[in-house]
Each structure stands twice: as structure tokens, then as C-alpha cells.
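Q: Listed below are the residues making up each chain.
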Amino acid sequence: MKVTLKIWRQPDAASQGAMHTYELDGVSEDMSFLEMLDVLNEDLVARGEDPVAFDSDCREGICGMCGLMINGQAHGPEVTTTCQLHMRSFKDGDEIVIEPWRADAFPVVKDLVVDRGAFDRIIQAGGYISVNTGSAPEAHSVPVPRDDAVRAFNVATCIGCGACVAACPNGSASLFMGAKVTHLGELPQGQPERDSRVVGMVAQHDAEGFGGCTNIGECTAACPKEIPLDVISRLNWDLHAALRHGH
Amino acid sequence: MTDMPDTTLTGDPSHDAPAEHGDDAVGYYTPGDPISDTKSPEGPISERWQTRKFEARLVNPANRRKLDIIIVGTGLAGGSAAATLGEAGYNVKSFCYQDSPRRAHSIAAQGGINAAKNYKEDGDSVHRLFYDTVKGGDYRSRESNVYRLAEVSTNIIDQCVAQGVPFAREYGGLLDNRSFGGVQVSRTFYARGQTGQQLLIGAYQAMERQVAAGTVEQFTRHEMLELIVVDGKARGIVARDLVTGEIQTHLADAVVLASGGYGNVFYLSTNAMGSNVTASWRAHRKGAYMANPCYTQIHPTCIPVTGSHQSKLTLMSESLRNDGRIWVPKSKADCDKDPRQIPEADRDYYLERIYPSFGNLVPRDIASRAAKNVCDEGRGVGPEVDGVRRGVYLDFGAAIERLGRDAVEEKYGNLFDMYARITGENPYETPMRIYPAVHYVMGGLWVDYDLQSSIPGLFVTGEANFSDHGANRLGASALMQGLADGYFVLPHTIRDYLVDGPFEKIDESHPAVVEARRSVQSRVDHLLSTNGTRSVDSYHRELGNIMWEYCGMERSEDGLRKAIDLIRTLRDDFWRNVKVLGTAESLNQSLEKAGRVADFLELGELMCIDALNRRESCGGHFRAESQTEDGEALRHDDQFAYVAAWEFGSDPDSGGMGLPVLHKEDLVYTAIEMKQRSYK
Ligand SMILES: Cc1cc2nc3c(=O)[nH]c(=O)nc-3n(C[C@H](O)[C@H](O)[C@H](O)COP(=O)(O)OP(=O)(O)OC[C@H]3O[C@@H](n4cnc5c(N)ncnc54)[C@H](O)[C@@H]3O)c2cc1C
Ligand code: SF4
Ligand code: FES
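Protein chains in written order, with the numbering used here: chain B, 1 to 247; chain F, 1 to 680.
Heads up, some of the hints might be wrong.
[Unchecked claim] Dumping the calculated DMTMM-like pairs for lysine to aspartate or glutamate here, alpha-carbon to alpha-carbon at most 25 Å:
(1) Lys2/B / Glu384/F
(2) Lys593/F / Asp50/B
(3) Lys593/F / Glu99/B
(4) Lys91/B / Glu384/F
(5) Lys6/B / Asp537/F
(6) Lys120/F / Glu138/B
(7) Lys2/B / Asp537/F
(8) Lys411/F / Glu170/F
Hints listed in this document are in silico derivations from the structure and should not be mistaken for laboratory results.
What you are looking at is a predicted structure, and each value in this text was computed from that prediction instead of being measured.
Build out the structure end to end from the sequences listed, making use of the hints.
A: And the structure:
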């Protein structure tokens, strides 16, 4: 099939960007979306034009490296990552608009590549359990109710892609934070630092320039791992509890 | 162009000379001195690690912050090491090419991690895990390393649970286990189909905690392009900031490579797009031996290639073979039919036929080769790609009938969904199609018992080293090894080296630094100025085809010789005719790829030479010339019970590749008896 691509091109962080239009023929429906962009890039190189920069690594939907706004939707029309989207979700003659994640806290590096370093810094501010290597007790010394373990796992599947931020009109990272706070907060091992964790992470989140949550729910609709909205309630609950405890 | 990397060869092996049995690679290499692993203590195998830990000298806590360690890689092997060494108080600099340490390829591991906890009371023990790993590796690994791996495996689970890794649990709240990879005990811990992700996030969080504490400095979107060696010791790296293009010098008292595997030399593999050999290869060129580079694991259950646009292959968990039955039509004429129309009598369940006792559960290497054989016979299924159908059916029809659709969905639902998303076919209705794909490399940089390479001060961990899996890795053992190395082994062994530091201060003006930077700069300049006609990807794809055809599931003397010639020609053409656009001073993904492919083009040749030398079949390495009457792999312990550790054959006159030097490390087993594997 043949598609028309409108792609955001921006040489670097300091320059202005603009949309450019490319026609691409011979697209097969078995191609992944990123393989379609690979084909475009081969064409561009052959013509002596700079290929389009975009991020990807695992191409299996797990590393969280990929992420594009496709026709205004984070990761495109299906509930999956950009790398797992296939061209069979499009049809011959379609026009496809491709942009980078747009958020103040994710500056564009080049074309479709953004800087998500803010996510690492939020984790540094408390998204862990403090246990030095070698000091852990025997694994069976603390049983964990199966349901708690399952709930912790379900939200621990967040891949840190940033689609929630890109989809949110406020550019909030509350879903990402809520997933981490819930993952560690469901487990007995996560209790001792529960207060300091949430306070630290939220403070860093705000300092990075992410917006506040106004319960719109676009984040969870865009999330390829279907992280539920109630992790944000949990985040707020934990934050208020921590403040009550004098943090 | 003065600094064009010279790819000509000094030796010209005569292709017509008849090779002596076991001497196939004569003319392609220079024999070197044998090596032994000098760090492994003598004595009973179960006491060696305790002895070594005791004998390794201690670094005074006050001195640790004066010692700098560079760690390249943030996967399980690198992330765990950065966290642990940071906690101990060393100054750590951590590098990865992705935009966050959490995205290292370890994230993609699905199935699980082994540990000899014996929670099931099913007869498991450290010794049994040791035994299974050595046997699974077809008796080509170093026994003292493997024993240690089994020994520390139990600590890994304790550590991860304490970090909050949400492993699967039973109703009583204790950890669940499953059996994996054809062993007879249940020792695999797992977090649904995302074990690698959960373990890596645990290591990542521990490392980020150290970043906050100031002991670890992280450099994301940075690629190591050269090793700095001063007076024979590894003292730093040259890295390129992938965003600004800046070439940077980073100096340290020791360097750790945890840069993962090089399966992408085959172009198509289950590895991440950016997985590469550059860090290892640059170290190899500086004197680090590369061990058993030809040992490649080809995984039998991957989604087949659909066309030339294919950029990577996707693994389907091996657990599918527990209930799925593998077959192809008996007759070529049926290959393009709807499989549901082919009656039972016309189907060939070839694994069940050839291996009646293990059936569909034979080890990975055997299942893969059998699939290749039936497709080569013309009985493959699925679309033709380049004129051949490369696929076999993995059929859940019988399982759905026996267990019901719901039960199958409960067990394999997420895998079926992934398959449906990628292929557009519904595996509940029509059998899945699978084909083998390159998945893992057992080969890697040679290390001693301390995980130190042949360059003092250069340590290698995780998939990047060669030590624990011999010629074939068992399922769920790579995650175990990465974390064993990073959390529990390296932190003890590296101190015995660092205790003699801090080493003499050097700076940018040191001739070794100047030389390393010049070498990086000249490669970048050369790649950008060649302005030829072929894209980097087209070279990579062609190299991949050569490797897959001649150095893939089955290797032969003639094929390997041909491959070496083809690779040399291709490499030569690459340096004259590659087309890389853009500038050096910005994010330039073509330039990144070009550098990686340049190194793959050198590695590929060494892999073929290693495969040519090893005229035996063992584990993932199958030589057509070495098989039993019924086509099974045949080892030759009398000639090949050694590690082939290759030294880069630098040729000072041309600055290019000379003949590699082969150092043999004899494999001596004291705690286990060598046997021929049989799965019939
Ligand atoms: C699809 C898949 C499923 C798997 N499933 C399992 C399983 O169930 N159980 C199991 O035990 N094993 C499994 N494996 C194997 C296992 O995942 C890997 O062997 C293991 O995770 C490798 O870890 P590592 O830390 O050595 O390297 P990696 O995780 O590959 O990390 C490499 C790191 O090095 C960095 N790097 C590389 N080159 C450079 C450079 N030049 N400069 C800077 N940084 C660099 C990267 O950025 C990255 O951080 C699987 C593998 C695949 C592909
Ligand atoms: S919460 Fe979902 S959308 Fe947000 S980073 Fe995690 S996986 Fe991506
Ligand atoms: S490339 Fe890894 S999630 Fe898409």
C-alpha cells in the first residue's frame, strides 16, 4: 500500500522544527510501524537526505524506548507500543501524522527523539527500596499474599515510555509515579520508606516541570501496559498520609 | 585518507591445501601459548569460592572513594555491579547507549531465572544445578566458574525479593517455581512472562539510589568506542556522546565491560536493535582474548521472517513446547495448503518421530536443527521468502481439545496475543508458525576465575564474557549469570586488583589517550567522508545472510572457507563504498550503526575461523563433518576439550587485521565426568 507521511523534522534541540511530507509506496501490512520508517529512511539515504531520527531498541514492546505521536495519539491507534503497531492498522492512501512526545519536561533532541531523563531523576528521588547487596534476608522469611504480589506485578510492568505524559493535556507524569509508588507500596519490603518515597518523587516530578493531575484519564487510555487510573488515587493517598506523618 | 582502517590480511591461506583432521583452520591463524586460569584455587570444588573470597585482598573503606571504576553496560550484569560497587563506596561511572539504564536488553528476557533453592524439595541442590549447567553446555565450560554460579544463585533470589521484585507466588505467599529448559527439577523463579524486566528494574532502582547518593554517575546515550590501555593496564575508555557527538575521555583505575551479546552479527536476531560487539571488539583489538566466538544459541521458537523489510525477530517463550506439537506436512505438495485441511496421517510430527523419549521438549539446539532440516528438504510452511518457506507448525489443536480453550488461554494467552499482533493470524484457530532465530551467544571475551580479561584491570561480566555456559546455555541461566557476576562475584574479585591502586594519575595528554582518541576520530571521519553508494543496513543485512547461511545452525569446512572470503570482500567494500550522511557533531543514528557494523564485519570473520578450527559438534556448534550415523552431534573430547581464546593478530605495519593467535585453555573436570548427550 501507499501512505503519505507528515513527519516532524527538527535538526536539534536549539533549532525550530517543521512538518515535512513524504510519500511512501510499497508498504506491506506485515511491516511494523517502525519497519515502515526504516524503509522510508533507506529511501532518504539513497536520495542523499538525512534520515528521520527516532528511538527504538527492543522492538518487542518491553524496553520503553520507542514512542511516537501518531495521528495525535500516543503510540497510535492500538493499545500497544509504537514498535508493536503494525501497518495492517492502516489502509492504502492513509495520511499519517507523526510527531515526537510533546511535553515541557521532555525536550526534543532531534526529529522524533526526546529526552526523558526526568524519569530517571524521579526514580532517584525515592523509587527504590534501600537494601545493600548481601544484606537481604532469606527470600521465604517474609511471605507475601499472592494477591498483593499480583497487584504489585501488574503495575510494575510500566515500561517508562512516557506515553502517559505525552497524552496528558497537563503533561503530568502521575500515572508513571503512581505505578511505582503502588508497586513498592503493595509489598511488605516497601513499607519502611513508603512516606519518604512518595514525598521525594512528587517533589522531583514538580521540579522537572511536569504538570498536575486533573483526573482526565488520557494517560491510562494511552498506556501500552494498561496501568489503571487508580494508581493515581493511591499516589495521592500516600502523599497525604506522608504529609500527615510530618514529612 | 591516511587513517583508513586497513582490512587487508597478512597471511594468504591456501584454500587448496588438504586440511588434516582437526586442523581445518591451518593458515587462518597462528598457534599461541596455552593459557591456564591461574586464579581458580585448587582443592574441593565446593570450597574454591570461599577460598578465593578469603584470599582476595581487602580495600580499606576510606580508600574506596579514591578509586574510580568505569562500567560499560547497565543490563543485569552492569546495573547490579554499579549498584553494589557504589554501595561499597567506590567511584563508579556507568555507561549505556540507550536513553535510560532501565532499557538495557536484559529487560526483554521472558522465561525466568534459575536458582538452587530447592524450595520444591524435588532433589535440587547446588551440585545438581552445577551438573545440569555443565552437561547442558556440552562439557565446554570451566567447572570452577559454573560451580560458583550455582553456589551464589540462591543469594540472588534473596536480594531481588528484598528489592521488591514481584516474583510469582503461591497462595500461601511463598515463591512459586516452574521447570524450564528440559531439566527435571523446578528451580526457575519467574514474574509472569517478564522476568528480565522485573529483575532489571530491581537492579536499575538500586543503581539509581546510588546515583542519588553520589557514588554512581550515569552517562546515558553514550557509546564506548575505544579502550585506553596504559602500561598494559586498562585505564579508561573513549566514548561518544550520542546527542552532541562529543568524543570524551573517561579515565579510571579499572574498567568493567558488561556490554551484552553480539548476536546481531547475524543482522536478524532476537536481540535489541542496538545490541553490538563494539565495546568487546575494541577491547579485543587492544589485547583482550575473545573466547569461543562461534558458540551461538539459536532458539527454536521464534516468529518467522515475513520479508526483506524485517528488522528483528521475536521470541516466543519456549514454554509453548510443553503443550504445542511441532509438525510439517509429509509431502511437499501440501506445504501451501491450509493446515487445517491436512489430515493427521499426512502430518510429520518430526520431533516426536526422531526423539521418542523427549519429543517436542528436546534441547534448543536439537529442535532448531531439526526445523532447518525439514525446511531445507522443501517441507517448510508459510509464505515463501526468497523462494523458500522457512517455518514449521506449532499446533495447539490437540491441547485445546484436551484441556479446553480457556485453560490454554490461561497459560499462554499473552503469547498468543503477541503472535496475533505480529502475524495477524489467530493461533487458536490455525496453528502458529515458528522458525529458529539467533538468540544468545555463549562466546565472548575470555576471563579468568576473577572475571578479569587478559588485559589487567579489564573485567568482563554477563553475556559479554564466555565463562559459564560452554557450548550451549540452558534456559533461565543467563539472568542468573548476569546477576551472579554483578552482585556477588565481581565486587569480591575486583578488590584484589584495586587494592594496588589508585594507579598513577594520567591525563588527556598521555600518549595512550591521544592514540585512542585519534583512532576514534579517524574512524568517525572516515565513515562520514567515504560518501559511497550503499547504506549501512545493506551491508549489515548481507553480512547477516553470510553468517546465517554458513555459520548458523550447521557449519561445514567448505562453507566456512567461503564465508571468510565473502566477509573479507564485503568488509573491503564497506570501507570504500559505505554511505553515511549527516555530521559528527549531532545525533546521527546512521553513524552509530556504521561503527557497529564495521566491528561486526571483523568479528564475523573470527567467528568463522573459530568454527572452522573446531572440527567437532558440541552444543550450539554443529559441524557437518562431525555427526553420528543418524545425524546427531558428535564431540571430540580428545582433541577439543579446550577453550579457544583468540588474540587479535594486529599487524603493526599496516595497522590492520593480521592472523589471529590461538591460545588454548584445557578444560579439566574433577567434579564431573564427561558424557555424550543423548535425548533419544
Ligand atoms: C528475547 C530474549 C529473551 C530472553 N529470555 C531469557 C530468560 O528467560 N532467561 C534467561 O536467563 N535469559 C534470557 N535471555 C538472555 C538474557 O536476557 C541476556 O543474556 C542477558 O540479559 C544479558 O545481560 P547483560 O547484562 O550481559 O547485557 P545486556 O542486558 O544486553 O546489556 C548490555 C548493556 O551494555 C550497553 N552497551 C552495549 N554496548 C555499549 C557500548 N559500546 N557503549 C556503551 N554501552 C554499551 C547497553 O546500553 C546495555 O546497557 C533472553 C534474551 C532475549 C534476547
Ligand atoms: S505508565 Fe504506561 S504510559 Fe506511562 S510510562 Fe508507564 S507504561 Fe508508559
Ligand atoms: S522499542 Fe522497546 S518498547 Fe518499543
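Q: So, for every hint listed, does it hold in this structure?
A: Hint check results:
no. : hint                : result
1   : Lys2/B / Glu384/F   : 23 Å, holds
2   : Lys593/F / Asp50/B  : 14 Å, holds
3   : Lys593/F / Glu99/B  : 23 Å, holds
4   : Lys91/B / Glu384/F  : 24 Å, holds
5   : Lys6/B / Asp537/F   : 24 Å, holds
6   : Lys120/F / Glu138/B : 16 Å, holds
7   : Lys2/B / Asp537/F   : 23 Å, holds
8   : Lys411/F / Glu170/F : 16 Å, holds
Every hint from the earlier list agrees with this structure, and none is contradicted.
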